[in-house]
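Heads up: the protein sequence lines correspond to chains A and B, in order. Just so you know, we're using my numbering here: the first sequence kicks off at 1 and counts up by one. Just so you know, we're using my numbering here: the second sequence kicks off at 1 and counts up by one.
To be clear, the hints were calculated from the coordinates, so they are not data collected in a lab. Computed from a predicted structure; not experimentally measured. Glycine is no exception: its CB is placed at the ideal position from the N, C-alpha and C atoms. The reader is advised that the hints may include incorrect statements.
No more than 25 Å apart at the CA atoms, straight line, and that leaves these computed lysine-lysine pairs for DSS-like [what the hints assert, rightly or not]: (1) A:K129 / A:K119; (2) A:K172 / A:K110; (3) A:K134 / A:K110; (4) B:K414 / A:K158; (5) A:K17 / A:K28; (6) A:K142 / B:K447.
Partial chain B-side listing against chain A, Cβ under 10 Å, derived [stated by the list, open to error]: (7) E409; (8) V412; (9) S416; (10) Q419; (11) I428; (12) V438; (13) S439; (14) K447; (15) E448; (16) P450; (17) A454.
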Amino acid sequence: MSTSLSIKDLQVSIDDKLILKGLNLEVKPGEVHAIMGPNGSGKSTTAYALAGHPAYEVEGGEVWMDGVNLLELSPDERAQMGLFLCFQYPTAIPGISMANFLRTSYNAVKGEEGEDGKKKPIPIAEFRKKLLEKMDLLKMDKSFARRYLNEGFSGGEKKRAEILQMTLLEPKVAILDETDSGLDIDALRIVSEGVNSMLSSERAFIVITHYQRILDYIKPDYVHIMYDGQIILSGGPELALRLEEEGYDNIVKSITQNGNGGN
Amino acid sequence: MAATVDVNLDDYKYGFSVPENYAFKAEKGLSERIVKQISEMKNEPGWMTDFRLRGYKHFLERPMPQWGGQGMLNTINFDDIYYYIKPVGADKAFESWDDVPEDIKNTFDRLGIPEAEQKFLAGVGAQYESEVIYHSIIKDLESKGVIFLDMDASLREHPEIVKEYFGTVIPPEDNKFAALNTSVWSGGSFIYVPPGVHIDLPLQAYFRINAQNMGQFERTLIIVDEGAYVHYVEGCTAPTYSTDSLHSAVVEIIVKENGRCRYSTIQNWSHNVYNLVTKRAQAYKNATMEWVDGNLGSKLTMKYPAVWLMEDGAHGEVLSIAFAGKGQVQDAGGKIVHAAPNTSSVITSKSISKGGGRTTYRGLIKVAPNATNSKSNVLCDALILDDQSASDTFPYIEIENNNVSIGHEASVSKVSEEQLFYLMSRGIEEDTASNMIVSGFIEPIVKELPMEYALEMNRLIEMEMEGSVG
Numbered sequence: 001m002s003t004s005l006s007i008k009d010l011q012v013s014i015d016d017k018l019i020l021k022g023l024n025l026e027v028k029p030g031e032v033h034a035i036m037g038p039n040g041s042g043k044s045t046t047a048y049a050l051a052g053h054p055a056y057e058v059e060g061g062e063v064w065m066d067g068v069n070l071l072e073l074s075p076d077e078r079a080q081m082g083l084f085l086c087f088q089y090p091t092a093i094p095g096i097s098m099a100n101f102l103r104t105s106y107n108a109v110k111g112e113e114g115e116d117g118k119k120k121p122i123p124i125a126e127f128r129k130k131l132l133e134k135m136d137l138l139k140m141d142k143s144f145a146r147r148y149l150n151e152g153f154s155g156g157e158k159k160r161a162e163i164l165q166m167t168l169l170e171p172k173v174a175i176l177d178e179t180d181s182g183l184d185i186d187a188l189r190i191v192s193e194g195v196n197s198m199l200s201s202e203r204a205f206i207v208i209t210h211y212q213r214i215l216d217y218i219k220p221d222y223v224h225i226m227y228d229g230q231i232i233l234s235g236g237p238e239l240a241l242r243l244e245e246e247g248y249d250n251i252v253k254s255i256t257q258n259g260n261g262g263n
Numbered sequence: 001m002a003a004t005v006d007v008n009l010d011d012y013k014y015g016f017s018v019p020e021n022y023a024f025k026a027e028k029g030l031s032e033r034i035v036k037q038i039s040e041m042k043n044e045p046g047w048m049t050d051f052r053l054r055g056y057k058h059f060l061e062r063p064m065p066q067w068g069g070q071g072m073l074n075t076i077n078f079d080d081i082y083y084y085i086k087p088v089g090a091d092k093a094f095e096s097w098d099d100v101p102e103d104i105k106n107t108f109d110r111l112g113i114p115e116a117e118q119k120f121l122a123g124v125g126a127q128y129e130s131e132v133i134y135h136s137i138i139k140d141l142e143s144k145g146v147i148f149l150d151m152d153a154s155l156r157e158h159p160e161i162v163k164e165y166f167g168t169v170i171p172p173e174d175n176k177f178a179a180l181n182t183s184v185w186s187g188g189s190f191i192y193v194p195p196g197v198h199i200d201l202p203l204q205a206y207f208r209i210n211a212q213n214m215g216q217f218e219r220t221l222i223i224v225d226e227g228a229y230v231h232y233v234e235g236c237t238a239p240t241y242s243t244d245s246l247h248s249a250v251v252e253i254i255v256k257e258n259g260r261c262r263y264s265t266i267q268n269w270s271h272n273v274y275n276l277v278t279k280r281a282q283a284y285k286n287a288t289m290e291w292v293d294g295n296l297g298s299k300l301t302m303k304y305p306a307v308w309l310m311e312d313g314a315h316g317e318v319l320s321i322a323f324a325g326k327g328q329v330q331d332a333g334g335k336i337v338h339a340a341p342n343t344s345s346v347i348t349s350k351s352i353s354k355g356g357g358r359t360t361y362r363g364l365i366k367v368a369p370n371a372t373n374s375k376s377n378v379l380c381d382a383l384i385l386d387d388q389s390a391s392d393t394f395p396y397i398e399i400e401n402n403n404v405s406i407g408h409e410a411s412v413s414k415v416s417e418e419q420l421f422y423l424m425s426r427g428i429e430e431d432t433a434s435n436m437i438v439s440g441f442i443e444p445i446v447k448e449l450p451m452e453y454a455l456e457m458n459r460l461i462e463m464e465m466e467g468s469v470g
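Based on the sequences and whatever the hints tell you, model everything.
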């Protein structure tokens, strides 16, 4: 079977400080990977670096997707390839309506190329119908589409808006960066249902989370524990439960004392 | 507004010109003889000739203002400008599009006027050079007693109203450029809305400068009688020439008791035009005056639409957008004079500078001693797109009454890396993403424009933005 995403020895720094110190991960279509780890272990850095944030300097390594090294592409090109980052803290942009933004994004990612090589935009009525369907699924009010992008959104609304974008763009690889943070239990259920409705044999998920809670709703096939810029332990869903019981400190201690990873 | 734009900024969209074809073109430069000649050509009454000469005298006496404009005013060569040009066939305004000469029609075709008219326009007065050559008014407006004419025609057909109000809001001695306009004015619009008449669709006019080194000095006078309403929309476009042109208009507006007037402008002069305009309105008891002012293009724009709140309960608003690119200075803002109690005002200014452009917000809030219980709020935001560009704020506030409420907020920001990254992470290309952020920034003002002007505004901003962020 082919790989969705292949991360090889990825090293990334911010402001000249090395954060990722050789990350390796293979993700295949249909798989759900959870990346867990204590604060400062490099989880969010992994998400931003994969999406191509300019402040994250790639010092070494490769990230392959569909035979292309992602690291050579701009953020918009990565998105067009089918990579999606569900932000922990989505940025507000005043004056741009959700509807306008979503359609622009949809056309950029999903627009079919015409004979002139330019992407053909989806007819507005067709897009509207699609958008309303997806919003319904996430229990979002219609008026949402008229609001400005992320402006004045509550924590839950922001996360729902992120999931809404994911369901519209239908990515091949979706990275969820602490999507559970700041969500109450109802919002968490709705967001998780949105994610679960997207599970498919062609799509891969990387769920980044600090807590095990979201994994009650989104069942991972693999769980990886990240520490000091590397994955130090990988396992099945049971690893998340063990983590919940023993805590990061104990697990990290037991591994680093055995010399299995970290430096 | 994510349509891809394939017009380069350097390729100024309206930068075409048609061969000049004129019935009369005065010699270059300004003199008493030329001022008299213009008045004579137009068969004006003696009082208007005298008015012009009064303006000319003051223009000569008044020193060039030395504030604002980054010293660019001193580079204008007044002897190198044609002050009056009359195109062939411009002896009268045309009632029907079919009567308009072909070359002029081509110009308007390229500006997209007829289509616009079909869709939304209640009446079009399009100014080609110095004469208004095409004019149509919906019949029911006429039957309600609304007058919408070019200024020259109104002087012929309604001399008594023109004489009563002309120059009362902005006298010839107001400033150097108002004086210049008074002496050589030609064209512009005259609107009179009778008491209680509410004009639902905006009245619109397009102005256009075609000849090289042509000054354009239109004069607009709007009188909104008691309880009446009008929204007037003006757009300006000039072709590109290598030498400099001067545009110096005067707009006077009187809004009587309970009346309301909105005046919207989108100016998109080519990048060698000096755009020096005096706009002022007087609002009487419980009247409302709103200026919506978009300034793109030009080499130097200095423009501060003003509202004088003359009587109790009057309200004034100024919404201003300015975009300054390479080599451009946009010195814009608004002025409000609270001259009566219980008056209120809002100034909202948004400016964008890029590629070395410079924007200045310059505004005045003046509260007279008797203007008790007045309120004013000023909000000016500047967006700077790169390190070469700059923005200044000069908010003048003169308050002579203690019982007032005045607010002022100013912000300067750069397009943030986080916003760009967020949009790009959704597959949107960098240029489009920048355009979206800028569109969002000016959205509060654009949404106040009639739809087709809002679309044009966004399109113009996209063109100005093209390739600007790399």
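List of violated hint numbers, smallest to largest: Checked against the structure, the hints that fail are numbers 5, 7, 8, 15, 16, 17, while the rest are satisfied.
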